[in-house]
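Participant: Sequence:
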Amino acid sequence: MFSATVLTLAVAALPALTLAAPLQSRALPEPISASAARAALAGLTVKAEANSGTYNRDLFPHWIESGECSTRETVLKRDGSGVSVGSDCYPTSGSWYSPYDGATWTAASDVDIDHLVPLSEAWKSGASEWTTSQRQAFANDLTRPQLLAVTDNVNQDKSDADPANWLPPLSSYHCTYSRAWVQVKDYYDLAVDSAEKSALENILNGC
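For the working numbering, count along the sequence shown from 1 and bump the result up by 11.
Because the hints were derived from the structure by calculation, they are not lab data. One thing to keep in mind: the hints can contain errors.
What follows is a set of in silico ranges between Cβ atoms, one per label pair, in the way DEER data are often shown [what the hints assert, rightly or not]:
id, residue 1, residue 2, range
1, Ser77, Ala175, 31 to 37 angstroms
2, Gly217, Asn62, 29 to 35 angstroms
3, Thr56, Ser120, 36 to 42 angstroms
4, Ser170, Val57, 18 to 24 angstroms
5, Gln167, Pro72, 18 to 24 angstroms
For every residue, glycine included, the Cβ atom is placed at its ideal position computed from N, Cα and C.
Let the sequences and hints guide you as you build the complete structure.
Facilitator: In structure tokens, the structure reads:
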């Protein structure tokens, strides 16, 4: 299960949106299957969220540096197409397909790196009891399907909502999103609340 290892990634700039045929995102590591997600969801602890008043984003050291690149920059390179970077690892060209809304961007400044299970959601679901190194590992996890490049304002609209309150605008991505959500929560032994579990069950049963 969860080992507190740390990984890498950061930001970029350029301009423009195109609604193109999916360059399918190479972004996300392939989530577990729908049947495995249903089984994992059944085993998650169900309880109300807690400790929301004590959350602070700084409690999750994120976008850590490893070598020349941060975790954010690593994801931008991984998820983009034809990405070129400068000596500082900042993208100077490329394009990014957002699987949440189907938009393709040619400016890295128009792309956010989403924590699929938000940091605040993790805090309220059990991460408040973790060590700082465990929270750092979660915030920079490139191995699980937890980090991906998406349209910035779509990510901002999501904020820290769970699937009971927000899902990607593209309904065709709901199954992948839910499978990934459950995989991350299961790996990190995070709880789900009852509305969140019901929403995930409804999606996964239709996958």
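Participant: Could you run down the list of hints and mark each one as holding or not?
Facilitator: Quick rundown of the hints versus the structure:
1. Ser77 to Ala175: 31 to 37 angstroms: 35 angstroms, holds
2. Gly217 to Asn62: 29 to 35 angstroms: Roughly 33 angstroms apart at Cβ, these two residues keep to the hinted range, so it holds.
3. Thr56 to Ser120: 36 to 42 angstroms: With a Cβ separation near 39 angstroms, Thr56 and Ser120 satisfy 36 to 42 angstroms, so the hint holds.
4. Ser170 to Val57: 18 to 24 angstroms: 23 angstroms, holds
5. Gln167 to Pro72: 18 to 24 angstroms: Between Gln167 and Pro72, where Cβ atoms are some 22 angstroms apart, the hint holds.
Hint check: no violations occur; every hint is consistent with the structure.
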